[in-house]
Structures are given as C-alpha cells and as structure tokens.
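**Q** Residue-level listing of the chains:
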Amino acid sequence: MSAALPFPYDFAGQVAVVTGGARGFGLEFARALATRGATAILADRDAAHGERAAGLLRSEGHRAAFVPLDVRDPEQASAAAAFALSEGGRLDLWINNAGLARHGASEALSAAAWAESVDVMLSGTFHGAQAAARAMLPAGGGTIVNIASVNGLLGQSGRAAYAAAKAGVIRLTAVLGAEWAGRGVRVNAIAPAVFLTDLVRASLADGSASMDTYVRRSPTGRLGEVPELVATLLFLASPYSSAIVGQTLRVDGGWTADHYIG
Amino acid sequence: MRPLAGKHAAVIGPGRVHARDLAQCLAEAGATVSENAGPEVSAALDILVLCPSASTARPGGSVEVALADVARLARWTTDGATAMAARGGGVIVHVTGLAGLGGWPGWEAAGAAFAAIHGLVAGGAVRFAPGRVRINALVPGVTADLAAAIAGERGIAVDAVRARIPAGRFVDAAALGNALLYLVHDSAGYVTGETLTVDGGWDAWGRLHAAATA
Numbered sequence: 000m001s002a003a004l005p006f007p008y009d010f011a012g013q014v015a016v017v018t019g020g021a022r023g024f025g026l027e028f029a030r031a032l033a034t035r036g037a038t039a040i041l042a043d044r045d046a047a048h049g050e051r052a053a054g055l056l057r058s059e060g061h062r063a064a065f066v067p068l069d070v071r072d073p074e075q076a077s078a079a080a081a082f083a084l085s086e087g088g089r090l091d092l093w094i095n096n097a098g099l100a101r102h103g104a105s106e107a108l109s110a111a112a113w114a115e116s117v118d119v120m121l122s123g124t125f126h127g128a129q130a131a132a133r134a135m136l137p138a139g140g141g142t143i144v145n146i147a148s149v150n151g152l153l154g155q156s157g158r159a160a161y162a163a164a165k166a167g168v169i170r171l172t173a174v175l176g177a178e179w180a181g182r183g184v185r186v187n188a189i190a191p192a193v194f195l196t197d198l199v200r201a202s203l204a205d206g207s208a209s210m211d212t213y214v215r216r217s218p219t220g221r222l223g224e225v226p227e228l229v230a231t232l233l234f235l236a237s238p239y240s241s242a243i244v245g246q247t248l249r250v251d252g253g254w255t256a257d258h259y260i261g
Numbered sequence: 000m001r002p003l004a005g006k007h008a009a010v011i012g013p014g015r016v017h018a019r020d021l022a023q024c025l026a027e028a029g030a031t032v033s034e035n036a037g038p039e040v041s042a043a044l045d046i047l048v049l050c051p052s053a054s055t056a057r058p059g060g061s062v063e064v065a066l067a068d069v070a071r072l073a074r075w076t077t078d079g080a081t082a083m084a085a086r087g088g089g090v091i092v093h094v095t096g097l098a099g100l101g102g103w104p105g106w107e108a109a110g111a112a113f114a115a116i117h118g119l120v121a122g123g124a125v126r127f128a129p130g131r132v133r134i135n136a137l138v139p140g141v142t143a144d145l146a147a148a149i150a151g152e153r154g155i156a157v158d159a160v161r162a163r164i165p166a167g168r169f170v171d172a173a174a175l176g177n178a179l180l181y182l183v184h185d186s187a188g189y190v191t192g193e194t195l196t197v198d199g200g201w202d203a204w205g206r207l208h209a210a211a212t213a
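Protein sequences appear in the order of chains A and B. At position 247 of the first sequence the residue is numbered 246 (numbering that gives the first Met the number 0), and the sequence of numbers has no breaks. At position 23 of the second sequence the residue is numbered 22 (numbering that gives the first Met the number 0), and the sequence of numbers has no breaks.
These are computed hints drawn from the structure, not numbers from a lab. In this text, a Cβ means the ideal position worked out from N, Cα and C, and glycines have one as well. Hints are not guaranteed to be accurate.
Label-pair ranges, simulated between beta-carbon atoms [what the hints assert, rightly or not]: (1) B:R153 x A:G140: 42 to 50 Å; (2) B:A156 x A:S209: 56 to 64 Å; (3) A:A111 x B:A43: 55 to 63 Å; (4) A:G154 x B:E152: 37 to 45 Å; (5) B:P13 x A:L136: 37 to 45 Å; (6) A:E115 x B:A67: 52 to 60 Å; (7) A:L136 x B:L207: 19 to 27 Å; (8) B:T77 x A:P238: 33 to 41 Å; (9) A:E115 x B:A143: 29 to 37 Å.
Kindly produce the complete structure, drawing on both the sequences and the hints.
**A** This is the structure we're talking about:
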C-alpha cells in the first residue's frame with residue numbers, strides 16, 4: 000500500500016490516537032502512522048473489531064493498542080487521551096475520524112437520527128479535539144486532523160444531518176486552528192469525496208447511492224483510492240505542513256470545484 | 000529524497016512573486032526546472048507553476064494591469080493543460096494570495112486578479128480532469144516581505160502584522176515549497192481544484208479577539 004510519498008515522514012516516538020480506528024479509513028490512517036514509527040491508539044466503540052485491528056497492526060510489527068471510545072461521551076474522550084499518555088508517555092497526534100452515514104429524505108429524518116449524526120461527527124470531533132488539546136497544550140504542541148467531507152462544502156439532498164455535521168467540523172476546525180496555533184497545537188481537516196470505504200459500501204448496499212452516480216459526479220471519472228487520502232493525512236500530521244492552520248484540504252478529484260451541469 | 004526525479008517542471012519567472020524560491024524547491028526535489036518568461040508549451044512538461052507578477056501582487060495596483068496578467072496566466076494554463084493532456088497528464092499550480100479570499104482594502108486589484116485565478120483553477124480543474132491534468136492554487140500567507148508591504152501601506156509596525164497571524168510567525172519559503180511539493184507529487188493524484196492556503200491561520204481566524212494568546 001506504501002506508494003511513493005513526497006516527504007520522508009517519520010513519526011518515531013510519537014503517539015497517535017485515531018477515533019473510529021477499528022476499520023475503514025481509521026485503520027488505514029493508524030497503519031500509515033504506525034508504519035512510520037508512531038504508536039497507534041485505535042479508539043473505537045466496537046471493542047471486538049478494535050482489539051482485532053490493534054492485534055493485526057502488532058502482528059505487522061507495529062506499536063498499537065485499542066482503547067474503547069464512544070466519541071459522544073466527553074469523559075470517554077478524556078479517558079482515551081489518558082490511556083494514550085499512559086501507553087506512550089505523550090500525545091502527539093489525534094485524528095477525529097469516527098463517523099456514520101444515515102441517508103434519507105429530510106422530511107422523514109427522525110430527531111434521534113439527526114442527533115446521532117451530529118453527536119458523533121460534530122460533538123464527537125469537539126470532545127476529541129478538546130481531550131487532545133488538554134494534553135497537548137501543556138506539553139507545548141501537537142497536531143489534530145479532523146475528517147470532514149465534500150458534503151460539508153456542498154448541499155447534498157438526503158444527507159441533512161451528515162452534511163450539517165461535516166460543515167460544523169469544517170468551521171470548528173477553523174476556530175480551534177486559530178485558537179490554539181499560537182500555543183503549538185495545529186488543527187486542520189480533510190474533506191474527501193467518495194472513496195470505497197465501509198460507509199460507501201453501505202450506501203451502495205442500501206440503494207441510497209450507486210457506483211455509476213458517484214463516478215459520473217466525479218470529474219476525474221473515478222473514485223478516490225485510499226492511499227491518495229492517506230498521503231494528505233500524513234502531510235497534515237507532519238511538520239511539513241507546519242504553516243497550514245485551520246484549513247480543510249479537499250481530496251475530492253475536483254468534486255467541489257465542479258458546479259456545472261455534468 | 001528526490002521525489003520529483005525524472006519530472007520536467009517550468010516556473011514562470013524570473014521576477015514573479017515566489018518564483019525563484021519555488022523553482023529552487025522543485026529543483027532540490029529532483030525535478031528538471033526551467034525558469035522562463037512564458038511556458039514552452041511545446042516542451043514535455045509534467046509540472047507548471049504560474050506565479051503572479053510583482054505589479055499584480057501589491058497594494059494600490061491597477062486593475063487593468065492585474066487583469067492583463069490574469070489573461071496571460073489563463074492562456075498559459077489552457078495551453079499548458081492542453082499539451083499535458085495530450086501527453087497523458089500533468090499538474091499546474093497557480094500561486095495567488097490572501098486578497099483573493101477576502102477583502103483587503105487597497106489591494107482590490109490584486110484581490111480581483113487572485114479571485115479570477117481561483118475561478119480559472121476551479122473551471123480548469125474540472126475541464127482537464129478527464130485528461131489527467133490536475134490544476135490547483137497555492138495561496139501563500141503573509142511572508143516577511145509581504146508583511147513589510149502591508150506595514151508600509153498601513154503605516155504600522157511589522158510586529159502588528161505578525162500579531163494578525165494566529166500562529167504568531169510569518170510564512171517562509173520552506174513552508175510554501177513543502178506545500179507545492181505536496182500538490183505536485185503524484186501521491187496527490189486526487190487533489191484538483193484545490194486552493195491550498197498556507198497562512199498560519201490568517202484566513203481561518205475571524206479577528207474579533209486576540210489571535211495567538213490564551
């Protein structure tokens with residue numbers, strides 16, 4: 000999976016927490032950081048998958064551990080940060096990746112479904128960033144990367160809660176980036192378009208999206224490939240992006256640039 | 000590391016803003032770099048970097064002059080992207096400025112030019128995506144040189160300009176070079192139509208409360 004990269008990324012000795020780290024993007028991010036020396040803490044509410052994923056990374060020769068985390072609960076976020084500090088003695092990187100996809104007509108969206116999306120993806124990102132910063136600010140530095148979405152940048156029918164939560168993540172990223180940059184904690188986000196992940200597979204399976212629709216919506220005529228997203232994650236996690244603050248980097252094959260007729 | 004080994008790059012300069020530093024960055028990354036006053040579209044280019052003229056990127060500039068520069072940059076973009084697409088792909092990066100993202104009083108000509116270029120980037124990215132040509136903008140934040148221009152234009156101290164930056168420091172050539180390297184490298188193959196802002200938080204900050212301190 001290790002395609003050539005523009006920088007000799009090295010996270011040796013660093014400790015990274017990845018929320019939603021048991022599978023999908025989260026596991027790939029954790030593996031990419033661990034491959035380059037970091038201790039990867041997989042934080043996930045799915046203990047069975049999380050333990051298995053951490054074991055998988057260890058079997059590949061990496062440093063990895065699992066910690067239970069429901070990102071909706073700020074106390075669990077604090078506990079995950081404390082666990083990272085106890086495991087590695089420091090906390091350098093926090094990736095707010097946990098998410099879920101609930102699609103459907105907005106007039107039929109239940110209050111519970113709305114709240115679940117906002118709680119996990121927007122509030123969960125804040126709780127995670129806050130827990131991370133409470134460890135990083137006294138230590139003098141750290142890096143936080145939030146996973147947003149092209150749906151946080153453009154309206155997408157049937158995705159009211161998801162898009163609103165992701166748009167919230169993008170503005171939250173700007174606030175936290177500006178607020179903490181002077182004290183060494185850098186916050187940025189990534190807005191991916193459609194990559195073939197578990198969430199996208201679920202949308203394909205439940206009929207709320209089709210591969211043909213996705214490909215026709217993509218100016219490049221293809222979905223993103225996971226290493227292309229990992230490359231941006233590594234850049235934002237590294238000191239090579241040290242002057243980038245509060246930004247949302249799009250990895251979308253031109254998706255959000257395209258406002259025309261298709 | 001020579002991550003751009005084997006790549007042919009052109010940077011439109013010399014004398015254009017950031018052109019010299021960015022050309023040097025590409026060369027250090029292993030690319031064969033030509034620096035010239037206009038792209039040799041007949042040449043086999045993998046990477047084309049288009050920088051604004053010094054007369055565009057300054058306060059009190061002329062809209063006519065700035066937009067004439069945009070017209071040149073637009074032509075080079077189309078010619079370059081067309082040639083790249085015919086050869087199977089490539090990447091173009093436009094260097095713009097923060098005045099193209101929000102209001103900079105006194106810098107309207109620069110802002111109009113930069114915003115126009117952002118439009119070229121978005122449209123061009125979509126138009127040339129099927130030809131595997133990526134087109135992005137790199138938006139440099141306030142460097143020490145730009146801070147001096149701002150301080151001069153406003154009659155304030157350079158430190159007052161620095162305090163406007165949440166990170167509390169000016170953007171340097173290394174930071175811009177790294178961002179360029181990120182954009183032009185093949186590993187960014189799904190990054191197109193982007194305006195990558197490298198500004199220490201200038202653009203993110205709403206500027207109501209003090210930036211850098213707790």
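**Q** For each hint, tell me whether it holds in the structure or not.
**A** Hints, one by one, checked against the model:
1. B:R153 x A:G140: 42 to 50 Å: Between R153 (chain B) and G140 (chain A), where Cβ atoms are some 32 Å apart, the hint is violated.
2. B:A156 x A:S209: 56 to 64 Å: Once the Cβ atoms are compared, 59 Å apart, the range 56 to 64 Å for S209 (chain A) and A156 (chain B) holds.
3. A:A111 x B:A43: 55 to 63 Å: Holds, since A111 (chain A) and A43 (chain B) (Cβ atoms, about 58 Å apart) stay within the stated range.
4. A:G154 x B:E152: 37 to 45 Å: holds, 39 Å
5. B:P13 x A:L136: 37 to 45 Å: Roughly 43 Å apart at Cβ, these two residues keep to the hinted range, so it holds.
6. A:E115 x B:A67: 52 to 60 Å: At 54 Å between Cβs, range holds.
7. A:L136 x B:L207: 19 to 27 Å: holds, 21 Å
8. B:T77 x A:P238: 33 to 41 Å: With a Cβ separation near 36 Å, T77 (chain B) and P238 (chain A) satisfy 33 to 41 Å, so the hint holds.
9. A:E115 x B:A143: 29 to 37 Å: violated, 48 Å
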